[in-house]
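Participant: One-letter residues, chain by chain:
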Amino acid sequence: NAGVTQTPKFQVLKTGQSMTLQCAQDMNHEYMSWYRQDPGMGLRLIHYSVGAGITDQGEVPNGYNVSRSTTEDFPLRLLSAAPSQTSVYFCASSRGGVGSYEQYFGPGTRLTVT
Amino acid sequence: GNSVTQMEGPVTLSEEAFLTINCTYTATGYPSLFWYVQYPGEGLQLLLKATKADDKGSNKGFEATYRKETTSFHLEKGSVQVSDSAVYFCALSREAAGNKLTFGGGTRVLVKP
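If you read the sequences in order, they're chains A and B. With the first letter of the first sequence counted as 1, position 28 gets the number 28 in the numbering used here; the numbers rise by one all the way through. Convert by adding 1000 to the 1-based position in the second sequence; the result is the number in the numbering used here.
Misleading hints may appear alongside valid ones.
As the list claims (entries may be wrong) - Now the in silico label distances, taken between C-beta atoms and shown as ranges:
#1 E1042(B) x D73(A): 47 to 55 Å
#2 S1083(B) x S67(A): 38 to 46 Å
#3 Q17(A) x A1017(B): 20 to 28 Å
#4 D1054(B) x V12(A): 44 to 52 Å
Claimed, not checked - Here are some chain B residues pointing at chain A (derived, C-beta under 8 Å):
#5 G1029
#6 Y1030
#7 G1106
None of these hints come from the bench; they were simulated from the model. Glycine residues also receive a C-beta, built at the ideal position from the N, C-alpha and C atoms.
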């Protein structure tokens, strides 16, 4: 199994450009999430989904959109990139339902906005 | 709201030294508690977890006990190795909140030979 995959690994954008970070999982997990990692701040939740067709905002959703048309894929869209969005982005997935299940993380996408 | 506080690093140790990383939390209800580890250039991996008070999670020589009375989940290892050099994150989740994770700021640990 590939687990959670993310593309691209690195990306440089100019302010105002848009792009989509891709995330896919092959574990048939119901829950998927996007986090950003900034120095000294741990990981903060951007958006999450508890199943296909269902998404909701996390702690820092502004400037990002998500959709979940299939169980496997959960892309993150940056609508108009800003330097404050320079960060490392992680996608994660886990089983749903009752119980605190392990979240599986992808390898991350390092984004720089100039 | 929920929050996690962990000691700031970096923590620099010699091989075979004892490691403790403090973690305290604030949460409503009864959260599950986790330690995740991030090795250089990689994503996060679950190290251990505990889902109720007095549970002890353990893995790879690391241990942490869920202390509800002190709202703490401190990570310990008796004898560290160079390969334990990584960033360690304490986190909590609540089932009622869709199992979303709230993370501490992370503690970088460097083990020198």
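Participant: Given Y1030(B) was flagged as interface, is its beta-carbon under 8 Å from a beta-carbon of chain A?
Facilitator: This hint is violated: Y1030(B) lies away from chain A, its Cβ roughly 10 Å from the closest one there, beyond 8 Å.
Participant: At a threshold of 8 Å, is the proposed contact between G1029(B) and chain A supported by beta-carbon distances?
Facilitator: violated, 12 Å
Participant: Check the following: the C-beta atoms of S1083(B) and S67(A) are separated by a distance inside 38 to 46 Å.
Facilitator: holds, 40 Å
Participant: Check the following: the C-beta atoms of Q17(A) and A1017(B) are separated by a distance inside 20 to 28 Å.
Facilitator: With a Cβ separation near 47 Å, Q17(A) and A1017(B) fall outside 20 to 28 Å, so the hint is violated.
Participant: For the pair D1054(B) and V12(A), does the Cβ-Cβ distance stay inside 44 to 52 Å?
Facilitator: holds, 49 Å
Participant: For the restraint on G1106(B), tell me whether the closest CB of chain A is nearer than 8 Å.
Facilitator: holds, 5 Å
Participant: Can you let me know if the beta-carbon spacing of E1042(B) and D73(A) is within 47 to 55 Å?
Facilitator: violated, 22 Å
Hint compliance for this structure: hints 1, 3, 5 and 6 are not met, and every other hint is.
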